[in-house]
Structures are given as C-alpha cells and as structure tokens.
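The lines below spell out each chain.
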Amino acid sequence: MTIEEIEKDIVAEFSVFDDWMDKYAYLIELGSGLEGMDEAYKTEDNLIKGCQSRVWFHAEMKDGLLYFTADSDAIITKGIAGLLIRVFSGQTPADIAKADLHFIDEIRLAQHLSPTRSNGLLAMVKQIKMYAIAAAATK
Amino acid sequence: MLDIEKIRSDFPILQEKVYGKRLVYLDNGATTQRPLPVVEKMTEYYLKYNSNVHRGIHFLSNKCTDANEEAREDVRRFLHAASGKEIIFTRGTTESINLVAQTFGEAFIREGDEILVTEMEHHANIVPWQMLCERKGAVLKVIPFRDNGELELSHLDTLLTEKVKLVGIAYVSNVLGTVNPVRSIIARAHAVGAKVLVDGAQAIQHMPIDVQELDCDFFAFSGHKIYGPTGVGVLYGKEDLLDRMPPWQGGGEMIREVRFEKTTYNELPFKFEAGTPDFIGIIGLGEAIRYVEALGQENIAAYEQELLAYAMDKMKEVAGIRLFGEAACKSSVISFALGDIHHSDTGVLLDKMGIAIRTGQLCAEPVMQHYGVTGMVRASLAMYNTREEIDLFCKGLAKVAQIFGIKQG
Numbered sequence: 003m004t005i006e007e008i009e010k011d012i013v014a015e016f017s018v019f020d021d022w023m024d025k026y027a028y029l030i031e032l033g034s035g036l037e038g039m040d041e042a043y044k045t046e047d048n049l050i051k052g053c054q055s056r057v058w059f060h061a062e063m064k065d066g067l068l069y070f071t072a073d074s075d076a077i078i079t080k081g082i083a084g085l086l087i088r089v090f091s092g093q094t095p096a097d098i099a100k101a102d103l104h105f106i107d108e109i110r111l112a113q114h115l116s117p118t119r120s121n122g123l124l125a126m127v128k129q130i131k132m133y134a135i136a137a138a139a140t141k
Numbered sequence: 192m193l194d195i196e197k198i199r200s201d202f203p204i205l206q207e208k209v210y211g212k213r214l215v216y217l218d219n220g221a222t223t224q225r226p227l228p229v230v231e232k233m234t235e236y237y238l239k240y241n242s243n244v245h246r247g248i249h250f251l252s253n254k255c256t257d258a259n260e261e262a263r264e265d266v267r268r269f270l271h272a273a274s275g276k277e278i279i280f281t282r283g284t285t286e287s288i289n290l291v292a293q294t295f296g297e298a299f300i301r302e303g304d305e306i307l308v309t310e311m312e313h314h315a316n317i318v319p320w321q322m323l324c325e326r327k328g329a330v331l332k333v334i335p336f337r338d339n340g341e342l343e344l345s346h347l348d349t350l351l352t353e354k355v356k357l358v359g360i361a362y363v364s365n366v367l368g369t370v371n372p373v374r375s376i377i378a379r380a381h382a383v384g385a386k387v388l389v390d391g392a393q394a395i396q397h398m399p400i401d402v403q404e405l406d407c408d409f410f411a412f413s414g415h416k417i418y419g420p421t422g423v424g425v426l427y428g429k430e431d432l433l434d435r436m437p438p439w440q441g442g443g444e445m446i447r448e449v450r451f452e453k454t455t456y457n458e459l460p461f462k463f464e465a466g467t468p469d470f471i472g473i474i475g476l477g478e479a480i481r482y483v484e485a486l487g488q489e490n491i492a493a494y495e496q497e498l499l500a501y502a503m504d505k506m507k508e509v510a511g512i513r514l515f516g517e518a519a520c521k522s523s524v525i526s527f528a529l530g531d532i533h534h535s536d537t538g539v540l541l542d543k544m545g546i547a548i549r550t551g552q553l554c555a556e557p558v559m560q561h562y563g564v565t566g567m568v569r570a571s572l573a574m575y576n577t578r579e580e581i582d583l584f585c586k587g588l589a590k591v592a593q594i595f596g597i598k599q600g
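Same order as they appear, the protein sequences are chains V and C.
Under my numbering, the first residue of the first sequence carries the number 3, and numbering increases by one thereafter.
Under my numbering, the first residue of the second sequence carries the number 192, and numbering increases by one thereafter.
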C-alpha cells in the first residue's frame with residue numbers, strides 16, 4: 003500500500019468516532035498493542051527527548067525500504083507513534099521524505115498535541131523524515 | 192469569608208470554555224490568572240500615561256514614576272519590609288535569585304565555602320548556586336526530605352556549620368506543597384553566621400508574609416504567581432546587606448556619576464535596577480497586591496486550606512491515586528500519580544475534559560528522583576477555585592483511571 007492509501011484508511015477508521023474519548027481509547031489500544039523496541043535501540047540518538055514523555059524511533063533499511071520501530075513510556079504517545087509506523091514503515095525513503103501528512107489534520111489530532119512540545123506528533127514526523135532524507139542521501 | 196462568586200467574576204478567563212467544555216483551571220502553581228482591576232490598571236497606563244520613569248521632566252513621566260514608586264511601597268507594605276530601599280524590581284523569582292548569586296556571591300563566597308539548599312528546591316534555587324560554586328570553588332550541600340514531604344531537619348546540625356555562607360530554601364515546595372519551617376531554619380542559619388534566601392514563589396499568593404518576623408536576608412517572588420503580570424518580580428534584601436553587595440547589571444538608572452576614569456553607583460534600590468524597568472508591569476503588580484490585600488491574606492489562606500482538605504479527601508476516593516507530599520503544614524499544591532498511568536497520558540486526557548493541570552518533572556528533577564518517577568501530575572489550587580471544580584476534576588480522574596482499566600469502587 004502507498005502512504006496515501008494508508009493515510010486514507012486511517013482517516014476512515016477515525017471517522018467512526020464522534021466522541022474524542024473514543025479516539026483516545028483507540029490510541030491507547032494501539033499503544034498497548036504496539037510491540038516495544040529492543041532495549042539496545044533505546045539510545046540517546048534515537049530519543050526524541052521532551053519534558054513530558056520519552057519517545058524513541060529506530061530506523062532500518064532493508065531492500066531499499068525503511069522500517070521503523072518505536073517505543074514510549076506514555077501510552078497515548080506510543081499509540082501515535084504506532085500510527086506513524088503504520089504509515090511510514092516499509093516505504094521508500096523518497097516517498098517518506100515527500101509524504102504530505104494530511105491525515106494528521108483530518109483525524110484532528112494535531113490540535114491536541116502541541117507542535118511546540120518536542121515529543122509532540124510533529125517532532126516525531128520530523129525525526130522520521132530526517133531518517134528518510136539521510137537514507138536517501140547515503141544510498 | 193471570601194465571596195468566591197464575586198472573585199470569580201473579576202477573572203473573565205474562568206468563564207472561558209475549552210474544547211466546548213467548562214474550563215477548570217488548576218495550574219495556578221505555574222501561573223495565576225489576572226483579575227480585571229490589574230488588567231484595567233495596566234491598560235489605563237498604556238493608553239493614557241505611558242512614559243519612561245525616573246528621568247522625565249514632563250507630566251506623563253512623573254505620573255508613571257509616582258505609580259512605579261507607589262507599587263514599591265505596596266510591595267514593601269505587603270512583605271512588611273522596613274524600607275522601600277529593600278525592594279528591588281526584577282523580572283521574576285529566577286532573576287532575583289540569580290541577582291543574589293551574582294552579587295552576594297561575588298562579594299561573600301570564597302573557595303571552600305558551602306551553600307546549603309534543600310532536596311525539594313525548584314531548579315531556579317539550585318542551578319544559580321551550582322554555577323556560583325563552580326565559579327568560586329565553593330560546595331553545594333543538600334538538606335534531604337522525608338517521603339511525606341517534610342524536611343529531614345535532624346541532619347541540619349551536621350550540615351549547618353560555619354562553612355555555610357548561604358542557605359537557599361523554598362518557603363513552599365512547588366511540587367509537594369510543603370510549607371517549610373523557614374523561621375526556625377533562618378534562626379539556626381544565623382547562629383552559624385549564614386545568610387538565608389527564601390524562595391517565596393509558591394508562598395506569596397497563599398499566606399501573609401512578614402520578612403522582618405522571618406528575619407530572612409533575602410526573599411524572592413514573581414508577580415504572575417500572585418495575580419499580577421508576567422515579567423516582573425521582586426527581590427527583598429536587608430538594606431545593610433544590599434549596601435555591601437556590588438551592582439550586577441550596569442547601565443542607566445543604576446549610576447550616580449559616569450566618568451571614563453571612574454563611575455559611581457546610585458543608592459538603593461536603584462543600584463540594582465539598571466535600564467528601563469517594566470514599569471507598567473510593576474504598576475500592575477502593585478494593583479494585584481492591593482487586590483489581594485483587600486480580600487485579606489488570612490481569609491485567602493483559610494479558604495484555600497479548606498479547599499485543599501476537601502480536594503485531598505476527594506482525590507483519595509479515586510482508586511489508584513498516589514499522592515506525593517502529605518506534610519502536616521501544606522499549601523494547596525497536590526502532586527500525584529494515577530496507577531501506573533504515565534503522567535502525560537493523564538494530562539492529555541484531563542485536558543480534553545477542560546481540566547488544566549501540570550505534568551512532567553515540574554522543574555524539580557531531584558524531587559522526581561527522590562520518589563523514583565519520571566514525572567508527576569500536579570493540581571494547584573487558588574482562591575478562585577471551588578468545590579464544584581474539585582468534583583469535576585475528581586470525576587475526570589476517575590474517568591482516566593477507567594479508560595486505563597483501573598476499577599473504581
């Protein structure tokens with residue numbers, strides 16, 4: 003599936019929730035279900051450090067595609083990381099770098115996760131894109 | 192008795208809605224809201240009188256200068272200081288503490304001297320002293336606290352030796368709410384010749400303050416914690432001590448005569464007020480102080496204590512709650528964890544219910560390390576909060592707990 007197709011799926015899934023609480027319950031479910039990451043990858047380099055919660059993203063290249071794993075000590079953050087993994091993992095660095103993440107606005111999450119928080123959604127996206135740009139450059 | 196509804200009507204922000212829900216503002220430890228008289232006073236000065244203070248010859252300048260100095264008198268009266276010379280306007284508590292670290296530190300701290308702080312200090316009352324110790328080769332020592340949030344004063348005799356030149360202590364802990372017995376600590380510090388700086392950031396809005404009765408050498412607070420504007424704060428210092436301290440920032444206002452050969456400095460308090468102050472902020476602070484005085488600090492303290500007791504009881508009914516800090520003498524600051532739910536998860540969900548609280552390390556990482564947690568959730572109450580708001584907050588907590596599968600009785 004392309005990034006665009008996955009984004010559309012996520013928007014469709016979230017559209018069934020009228021109540022914000024259901025959205026968060028869903029994110030918590032995603033977070034609880036997301037397989038954590040190998041402790042060895044919880045390095046300073048992989049850490050998106052913030053005052054609120056700690057998030058790690060690890061990227062690996064396989065056959066020209068980037069694969070991500072992530073973990074966080076906060077479940078909602080982990081759920082959001084899980085959404086991003088679903089969108090980006092297994093895509094080419096070029097596609098990741100140019101992806102337009104309209105789903106974030108459409109599921110109305112961005113407004114709740116302040117971009118100024120370094121562990122916010124946008125900080126995670128930035129980190130993923132940096133991995134992609136770096137991977138594309140070293141290919 | 193306070194008329195809470197009347198007070199609330201002075202704070203229009205409390206009638207705001209967030210995410211379409213009624214705002215429950217319980218983040219007063221971070222900043223309090225400003226009442227209409229403060230905002231109106233500042234607006235009036237911006238619209239009608241704005242002009243630089245202390246050097247003007249014209250009507251507007253004199254008007255602002257007078258109001259600036261009236262605010263100094265308001266602060267003096269509020270703190271029960273002996274003289275207006277002892278009231279220095281700064282940008283806030285942090286700058287006040289840094290001023291002391293820079294100037295008192297410059298004049299009086301030598302290699303091998305000790306500075307004593309407590310384990311429950313805000314970073315603003317730790318880092319400036321660490322920086323000073325690094326500059327001077329002095330040593331920072333720490334008074335620990337017990338798990339209930341009270342200082343372990345049995346260590347004080349060993350810690351408080353004649354090597355100690357300065358003790359920095361919070362009147363009220365911004366995490367635990369503990370009201371520290373500063374008066375007796377000050378007396379004991381003075382007995383070994385140490386000076387004491389009291390960080391009053393979390394005390395100023397909750398209780399009457401008398402710096403002469405406390406006999407503290409320095410007292411620091413911020414305007415925005417006592418219903419005044421941000422960007423303005425106060426350093427109180429004993430006059431003879433301030434006199435013996437060198438100036439910090441150089442510039443206009445703080446000088447008597449400037450010659451290229453030698454410049455002489457202005458007298459107190461202006462010696463420590465280089466440059467144009469935030470005089471409209473200062474005027475706003477004066478108004479905030481009058482607002483609080485009119486309500487009566489004793490009345491505020493009594494109401495907040497009652498509200499605190501109610502909140503603690505109600506919160507204990509929420510299954511899975513763990514409170515940090517249950518000192519016998521406690522201010523209306525309640526830090527807690529809910530089961531093993533991450534503090535940011537609790538914060539995000541409460542936010543969605545319109546409840547504003549603080550989460551994280553609360554600028555007091557040593558306190559987090561004491562309890563072995565990465566962060567906490569903190570509700571901090573002010574005089575305009577109500578039992579009804581506490582009920583909404585506790586309902587919110589129960590809902591968060593329920594989402595995470597903690598069964599409620």
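Hints were generated in silico from the structure; no laboratory data involved.
A portion of the hints provided could be inaccurate.
Unchecked claim - Selected chain V positions facing chain C (Cβ under 8 Å, derived; list incomplete):
hint, residue
1, F19
2, W22
3, I30
4, G35
5, L36
6, T45
7, S55
8, D75
9, I78
10, S91
11, G92
To be verified - Pairwise CB distance ranges, derived in the manner of DEER restraints:
hint, chain 1, residue 1, chain 2, residue 2, range
12, C, V449, V, E46, 14 to 22 Å
13, V, A27, C, L251, 52 to 60 Å
14, C, V449, V, D107, 52 to 60 Å
15, V, D107, C, E484, 24 to 32 Å
16, V, K44, C, G303, 18 to 26 Å
17, C, Y210, V, I135, 30 to 38 Å
18, V, E108, C, E579, 55 to 63 Å
19, V, A27, C, V209, 48 to 56 Å
20, C, F299, V, E37, 28 to 36 Å
21, V, K44, C, R435, 48 to 56 Å
22, V, E31, C, T234, 31 to 39 Å
To be verified - Straight-line alpha carbon distances no greater than 27 Å define the calculated BS3-like cross-link-like pairs of lysine-lysine that follow:
hint, chain 1, residue 1, chain 2, residue 2
23, V, K64, V, K44
24, C, K212, C, K327
25, C, K327, C, K208
26, C, K276, C, K332
27, C, K453, C, K212
28, V, K10, C, K543
29, V, K25, C, K354
30, V, K25, C, K429
31, C, K197, C, K590
32, C, K590, V, K25
33, C, K543, C, K212
34, C, K212, V, K25
35, V, K131, V, K100
36, C, K505, C, K197
37, C, K327, C, K354
38, V, K44, V, K131
39, C, K254, C, K507
40, V, K25, C, K327
Cβ coordinates follow ideal geometry from the N, Cα and C atoms, glycine included.
For this session: Would you mind confirming whether the straight-line C-alpha gap from C:K212 to V:K25 stays at or under 27 Å?
Result: holds, 17 Å
For this session: Decide if the proposed pair is consistent with the structure: V:K131 and V:K100, CA atoms, cutoff 27 Å inclusive.
Result: holds, 8 Å
For this session: Could you check the hint for me, namely that C:Y210 and V:I135 are 30 to 38 Å apart, CB to CB?
Result: 35 Å Cβ-Cβ, so the 30 to 38 Å window holds.
Exercise. Given V:G92 as an interface hint, is the shortest Cβ-Cβ distance to chain C below 8 Å?
Worked result: violated, 28 Å
For this session: Quickly compare the C-alpha distance for V:K25 and C:K354 to 27 Å and report which way the hint goes.
Result: violated, 59 Å
Problem set entry | Straight-line alpha-carbon gap V:K10 to C:K543, limit 27 Å | holds, 25 Å
Exercise. Are C:K327 and C:K208 close enough, with their CA atoms no more than 27 Å apart?
Worked result: violated, 51 Å
Exercise. When you take the CB atoms of V:K44 and C:G303, is the distance between them in 18 to 26 Å?
Worked result: violated, 41 Å
Problem set entry | Proposed interface contact between V:I30 and chain C, which counts if any beta carbon pair is under 8 Å | Nearest chain C Cβ about 7 Å off; hint holds.
For this session: Please test the hint of 55 to 63 Å on the beta carbon pair from V:E108 and C:E579.
Result: violated, 36 Å
Exercise. When you check the alpha-carbon spacing of C:K590 and V:K25, does it fall within 27 Å?
Worked result: holds, 15 Å
Exercise. Close enough to count: is the Cβ of V:W22 nearer than 8 Å to one in chain C?
Worked result: Nearest chain C Cβ about 5 Å off; hint holds.
Hint compliance for this structure: hints 1, 4, 5, 6, 10, 11, 12, 15, 16, 18, 19, 20, 22, 24, 25, 26, 27, 29, 30, 31, 39 and 40 are not met, and every other hint is.
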